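*Asks:* Here is what each chain is made of, one letter per residue.
There are 4 protein chains.
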Amino acid sequence: MKVMVDLCIIPLGVGVSLSPYIAACKPILDQAGLNWELHAYGTIIEGEWDAVFKAIKACHETIHAMGAPRITTTLKVGTRTDREQSMTDKVTSVQHKW
Amino acid sequence: MKVMVDLCIIPLGVGVSLSPYIAACKPILDQAGLNWELHAYGTIIEGEWDAVFKAIKACHETIHAMGAPRITTTLKVGTRTDREQSMTDKVTSVQHKW
Amino acid sequence: MKVMVDLCIIPLGVGVSLSPYIAACKPILDQAGLNWELHAYGTIIEGEWDAVFKAIKACHETIHAMGAPRITTTLKVGTRTDREQSMTDKVTSVQHKW
Amino acid sequence: MKVMVDLCIIPLGVGVSLSPYIAACKPILDQAGLNWELHAYGTIIEGEWDAVFKAIKACHETIHAMGAPRITTTLKVGTRTDREQSMTDKVTSVQHKW
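Protein chains in written order, with full-length UniProt numbering: chain P, 1 to 98; chain H, 1 to 98; chain Z, 1 to 98; chain G, 1 to 98.
This is chain P alone, in the form it adopts within the complex (with noise of 0.2 Å):
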């Protein structure tokens, strides 16, 4: 089953500056072969459900690592069986009926 996923993970007790936890997640997902693109509020991965999912566990335990105590994640998953629907067909689709 595929899915796409917008991830919002915010590391809670290391202050206000979220960026060095949020790269951290970067090679997470790059040696996990998924697609995935930041924007300002997240970062939108696609791929199979296990291995997206397992790279979400691996972004939480690695950001614990680095020493943040507690940490409260936003997901938004989608899964369709009706259609293949790319991060860019979305967009497209939208952006068409402009």
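None of these hints come from the bench; they were simulated from the model.
Don't take every hint at face value.
Stated by the list, open to error - Coverage of chain G stretches by chain H, computed from C-beta distances (three or more under 8 Å per stretch; other residues unrestricted):
#, region
1, 12-23
2, 67-79
As the list claims (entries may be wrong) - Here are the in silico distance ranges between beta carbons for each label pair:
#, chain 1, residue 1, chain 2, residue 2, range
3, Z, S86, H, W98, 34 to 40 Å
4, G, K54, Z, W98, 38 to 44 Å
5, P, A23, G, E37, 16 to 22 Å
In this text the structure is predicted, and so the values were computed from the model without any measurement.
Cβ atoms here follow ideal geometry from the backbone N, Cα and C, with glycine treated the same way.
Let chain P serve as the given structure and place chains H, Z and G on it in line with the hints.
*Replies:* Using the frame of chain P, we list chains H, Z and G on its own:
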């Protein structure tokens, strides 16, 4: 790694009455041996990371099998290494400050 | 327009204990005359759109005034024109299908 | 108070093709003079709190008027008092740590 999740599954393409699909997740959570609690805009689930996300995947698969061609889910996912905190702890922790 | 909101406010830069900040929202919701219910990963609020979002803005302002330099909030926002549905209705609607 | 929002509007009861409804929000955001940027799982909007939430309310009203009997929206809402930070700042702040 223990996790607390707030799960809100939205099947698309099946009209506006979503409760039969949400109800179909109950046996999945029960058979996984997870603690969970329904609220008006989702379900709080607590347990080990792998067991919780395996159950969420099974919810998506079940709801697709029931005929929903598309699902969009919103999750909040909390982990912490400083201490254990149950659903009840979190609620009473706020209530004690009222 | 009536709205049901699931509000989860996360103050950043104030350590890992967030409950004093969450508790400070209670009088705001009460004074606004809104129905609300705390759960383990947020607060469900129901009322008129403008009243609900005015209260949420006041929560952000209050938590900043308490010393939090940064806040990230996750909201689920439901509106419907087909019928009225309360917090209790939504829960029992699922429970009747178990 | 400035706010950055990640807006993901899901109309229910209108089938699986949501892009016409999402596209109808573009003129609302433009006429409100807000900065915004579409991504694959939502739209990032930045501006003054009242202007942003007035626009989001107008999106719900417009989508209901287009025939959607029910809408569920997921929002991430960020405010900060320590400094201003644009959509672009947030992305480059992470990219500089890669």
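*Asks:* Checked against the structure, which of the hints given earlier come out wrong?
*Replies:* When the structure is compared with the hints, only number 3 turns out to be violated.
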